[in-house]
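Undergrad: Heads up: the sequence lines are chains P and R, in that order. Per my numbering, residue 66 is the first one in the first sequence, and the count goes up by one each step. Per my numbering, residue 153 is the first one in the second sequence, and the count goes up by one each step.
It is worth saying that the hints were derived from the structure and are not from the lab. Possibly wrong hints are sitting among the right ones.
If you want the footprint, here are the derived chain P segments under chain R, 3+ residues with CB under 8 Å [as the list claims (entries may be wrong)]:
| id | segment |
| --- | --- |
| 1 | 320–327 |
| 2 | 569–580 |
| 3 | 776–782 |
Note that this is a predicted model, so its numbers are computed, not measured. Beta carbons: idealized from backbone N, C-alpha and C, even for Gly.
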Amino acid sequence: MSDELKLPVRVQLRPQTLVGRSVPRETARRLASGRGRYLDDVHGGEVYHIAFYRSPYARAKFTLGDLSAAASSPGVYRIVTGTDLTAICAPWVTRLEMLPDHVSPPEYALAVDEVYWQGEPVVAVVAKTRAQAEDALDAIDIDWNDLEPVANAEQALSLDSPLVHPALKSNLALEREIIRGDVDAAFKGAACVVEHHFSFGRQTGVPLEGRGVIARYDRRTEELTVYQSHQAPFQMQEIYAKQLSMPLSKVRVLCPDVGGAFGIKLHAYADEMAAVAIARLLAVPVKYQADRLESFVSDAHARDAVVSARLALDSQGCIVGLQYEGLFSFGAVSLYPRGSVGEALQLLETCGLAYKVPALHGQVRGAFVNKVPTGAYRAVGQPLGAAVMEQLLDNAADKLDMDRFEIRRKNYVVDADLVNDSDAKLRGLSLRQCLDTIKTDMNYPQLRQRQEELRAKRTYRGIGLCTFIEQTGVGAWLYGRNGVAAASKESVRLHLSTSGEVVCHTSASESGQGVHTGLAQIIADTLGCPMDAIYVRTGDTLSDPVGGGSWASRGLALGGEAARLAALDLRHNVLSVVAAWKSVSIDELEIDHGVVSIIDGEVACSLQQVARLVHYDSTVLPLPQPPSLSVERSYTPFSKPYFMANGIQAAEVEVDIETGQVKVLDFWVVEDCGTVVNPLLVDEQIRGGVVQGIGAALFEHCVYDEAGQITNASLADYLVPMAAEMPDIQVSHISTPEQETGLGAKGVGEAGTVGAIGAIWSAVNDALRPLGVSAHKQPFTPDVILSAVLQKA
Amino acid sequence: MQTKNVADITVTINGQEGSFSVPVRRNLVDFLRHDVGLTGSHVGCESGICGACNVRVDGVVVRGCLMFAVQADGCVVDTIEGITDSGEAAALQQAFLERNALQCGYCTPGMLMTGLELVQSGRTVTRDEIREELSGNFCRCTGYHAIVDAIEHVMERCTK
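This is chain R alone, in the form it adopts within the complex (with noise of 0.2 Å):
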């Protein structure tokens, strides 16, 4: 019974490998949170809407409670622990301190993987396109306003 519930995996986090004993049924998110403890994604609606839990697989955002675990063995993860130590988030980061782009703060990590995403894209977007980047990751308090102004003044400095 056991050995049906639980599979071994080895994950790559945060540049990091790593091997775990995880049950099948838990998604990716929880096993972050909980089995790794990297608290820093979090989980808003468990049903893929609000992107609180983005997290990057082999390069690419995905919502961390839409993936089991297991489906992340071989895997590279990144979560907003790997990309603030690494410092490749650093100048969004700084972008969102300054422009004010985060109150409560529990969407921002989410908001960051997109954002991230979205500006290491190279390409030239209009605010109504970030606008529309974003619309997968729910902020209740900001208003979206400062996170548009924070990741247009990324991009501005990253074309120039």
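Looking at chain P on its own, in the form it has when it is part of the complex (with noise of 0.2 Å):
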């Protein structure tokens, strides 16, 4: 038995705390020095580069030519479509259990015959090298038919519309309303009736880094091995066996680190899928990286939606119904796995779900229109449910001469009135201390009081705010009971090896979020050691526990309670080996920065000490066989669906009336999502949320032209929030611990982006009421503004 460690005969007892505290992110030191391993730096030999001859029309018909000029170019490998790979992986279906009417037209690897939208793959050339497969792409030769293409959901849902596809019998994709009590008695009693039209643009997540796959096969071991820039390794690990009718056992996805994700990265893409099957079909190792003009054609869009909404209240401003109606553009498939219909289903169950609504009337329809599919990206349809209940409060709020903040809190639903088991998600909210907290963190007497005063200089500044909830940590209602092959559940396995490290396997996986800092602290303090002696890793379906990902802000929430778990099994495990070992109780004990003492002080062993021990040599030890030093444990929420998250935020705009420009001046977040494990990383959380919801506000928008082709499709037309345009945040917290674990912790990486955009929409709103005009669509680009402007005159 070595015994390297020199320690201390007697410690004082002061157990650390780093849950609280915020720690830097290690990672973070190596991805500032330039040693991320991004998808396009994992080296292992030389593969063969893959490009996508992608379809120019929105919907046609094709034959293919002559693909030998292709095949010869130089470089080329091989030349690959649909067809091809038919042979080996079918097509596959989007299907979701609880609504079985959604039925999604079939998708393949590559398009055989027909094509559904622009971008559409079609070929791939396999060549040497990327430039040389997209040099071939040049000499293919295909006869293109254009059809007319579905534009947009109201057309799809015409009588005389085509079908966007011929699997389909109607282009209805989805149709599903709420109703609770008497909304039109309520309406027709109502003192005060307001409305609004909402238009929110067609946009996608732009994570920097595009999307991509480095695919082996191994004919000797007959195992497929995937490199991913994905934020579900288990999901697509699963398809990829049933595509390609493989034992599960025999495909490995590895996530290396991710550039960004934003929700683009949780889907199975046809492109990557192709790229997958090529590896099997010709045994040979492949990448295929998206470049930045593609990924505007190929990655989830998001969003697209025409909403109308009413809301009535008494003359006391409590409200008394509500109703709206969404109608979404989606794609020309529903998203594998997991559909395209999550946008409007969040709009359906979140617009209106902080306030007391006695009657409500929610319905939303969704049509498949001949473009990019549509899919998750973050908030996934909360950000529109939280933008038209606040709009309409604004309303209310102004025709009842009433305060914004009053009619707020008035309305805002509290734990007395949530007397249903089926309302058992929403306890705890605090969103009334919210709204105290950023009423005085804004000084909103002084901002009123200044936009007062320069409206009479005919500058029009605008308050905006927006009440939101998250839902986070969403556990097996969602996709599960939907038959859809995603983890619920997010796992940790902790292993003490012999050096005394603690080795953290974990399904939580991130793309800087900071999870696995967030991780190391709670194993820390939980097993009581340095964090430093603590490695998280991720990121591989060989090696790690299943689970879920990066999704749905559910890496603290329900990661962190599995790490705490698992930290106090390995706890219990090491004080039994020491228990027995030294005679005493293992209430007697206690683990302090790796160093196990009996409760007097006096030191019994290092951590490191238990694993040589355990490990090594086990006779000094009166135990039968000791525990086991590796423990694996899981969580997915059981009493609820999801963590309820909630806050509110806040925005300062300034329109020019002349330019149409809107300039955020200023920008407020009261959070409460729990337990805060990192303050740094949970504000960053934020910060870079709400300046995606900005962005979305303001600037992003892909543009179609009738003949259904994108027409912005590079970053140069495709406008992003860039630093100079964004203004500084500031972030304060709430704390309601979740009740439901010991961690307490709720998720957060959404609650930015659900609150920004009805933040902006209730400012711009607001700088445009002395001209008694309002906007009703985003992006509010200057256009948008203008018009707005115009329409009075």
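Dock chain to chain to rebuild the complex, using the hints, since each chain is given by itself in its own frame.
TA: Shown next as structure tokens:
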């Protein structure tokens, strides 16, 4: 038994508390030194590169012509067509068991005979370099017969519309409603009724690192290894095994550093499936790395909805009824495997959820159109629900001449109202505290005064408010119940190694959020070891315990609780060993800074010594079999479908009514995500999310022409928020720990985006209010603002 | 044919001179990443918008995607690896770490290139001016606030 650690004889028992502290991310040092290893940086021998010939039409039939010129182009190894791949990879269909009426057309890895959106992959060129593969694309001969595309949901659902896809019986992809109380009666008897129309433009997520895969199939072992820039490796393992008819155990998916994801890297895309299938078909290693142009026509698009909404109130400003109707334009297929319906369903579920609404009628419809399929993008539908409700409340406050804080405070849902079991998920919100805090943070009276003064000088400032709730740490009700093979839990496996290091394998992956730092803080506190003794590993289906990955703000809420439980188990097992060894009871032992001591302060041993005893020499232990020093725990919400975080955001904007320009002057957030494990990292999650929301509200738009061609598929033309246009963002916290877990953390990854869109809507229309006009269309480009200003003229 | 498509260049990369045969159409960042093996500089848009590929050529920060490798013949090129190893960027990198001014890290090498140029300019700048200087670097994760904080912090320390 070696004894490498020099231990003090006695220790002062003063347990460390890392949870709650702003510990920097150690990984950030590596990334900031240029030592990130993203998909395109993964080396491992020569690979062939893939470039896709993508459909130039939104809807067309095609016949492949002579491909021999492309095939003999320099460096080309093989040209692969849809028919080639169908032989080993059948088309897939998104199905959601709880929504049997949602019938998606099948999707092929490469199109066969017909295409349904501009950008759909048609032919793959496999070549020695990407440049050579791209060169060969020019030599591909295809005879196109373009057909009339379906451009938007209104057209799609009109009686004379063509079908988006021949496999469809109707373009109607989704139709759902919720009804509570007698909404007609509520509106009939209401003292005040307000309405607003909303258009939420189509956008996309723009992770700076494009999607990509490196795939190898080893004929000798019949194993498939896929490196992928993705948020959910276990989901992709399932999909590749299923599509390629391989045993799950022969498929390994690894995610290296991921350069931004935001939901975009949560789906299974035809191009990536094609690349992996090509590796299997040709048994050569291949790489596919999407460039920016093809990302715009292949990454999931999002939002794209028009909503009409009305709110009825009594004369005191109490809500009596809410009615809203949303129409969503999806894409040509429902994105696999989670579907394209989330945006609409989240609007349906979250609109007005933070308020007492006695009578409600919400309806959503979604239509297939000949565009890029839509799917999850940060906050999924929740920003729309929040923006709609908050704009209605502003309109009502104006009509009733009420204070906008007062109308919110008065109508917030409070625990006393939540008597039904189905409302349990809403208990413990801190809406009023958040409201009061932000009013102070932003110095509201002073802002209002300045606004009034400037209005007199024809300078139009607006102050926006957006209460939000965020569904975090979503459990099995969302996908599991729908038959989607996406794990609803997060898992952590801890192993105490003979070096004294604690190796943590987790399903809770990340792309820079800082989840792994948070897990290490929790493990260090719970086990009683130094943080720098903990190594967190993720992104490998071969070695990680099964879990969801990185989506729906789950890393800390679920992975954190799994880490806490695993650390408790490991601690118990360590103490069991020491208790037997030292002939004391477990209750008399404590672990701190990696040292086990007896309660009076006498040092017993180090964690490393325990590991060496158990792993190498258990003869000194009076135990037939020492307990395991590898433990695994999982966590998924059980008493509710998700953990509800909440907060409020506020924006001050200035609208130039001559140029139509909107400038965001200031921004505030008060957020309640329960226990804040690491304030530094949590605040930056919020800020980053806010800026994506501001981007959506002011700039970002996938602009299509009538032929279904995207007209701005480059970063020069698709505007994203840059530093100069963005404000500083002030963040405060209220902490209401989640009751279901010992950790008490709720998720926070999407909070910023959930509320920021509505805060900008509220602020812009507040600025326009003295002109007697309002804006209805996001993004609020100068054109949209000037059109609004000119409404009156 | 081969001689037309490939050119021989001599470049000093991170202080070390080397000779390379490169396809004339290869841009500087692809050359650095795939031929030299310096994967710290990233490719985000290949059209000069995002700044993820920013590197320093003869002391000036440029877009690695808007310059051909052959144009760097005879030049001194510094990448994130170089300014890390030399310690030149250490204070800024430490500030980025402490302020959590990066998340996924994909934009960060380019952001540090731009930020370091500003820090080394010796100018006294406001937060708004820092934001203006960064307006050629796209970050999708952070919302920029922390990046501005980190650069401001280092610049304040430099002028003290």
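Undergrad: Against this structure, judge whether each hint is valid.
TA: Structure-based check of all given hints:
1. 320–327: holds (count 6)
2. 569–580: holds (count 4)
3. 776–782: The restraint on the segment 776–782 of chain P holds, since 3 of its residues have a Cβ under 8 Å from chain R and three suffice.
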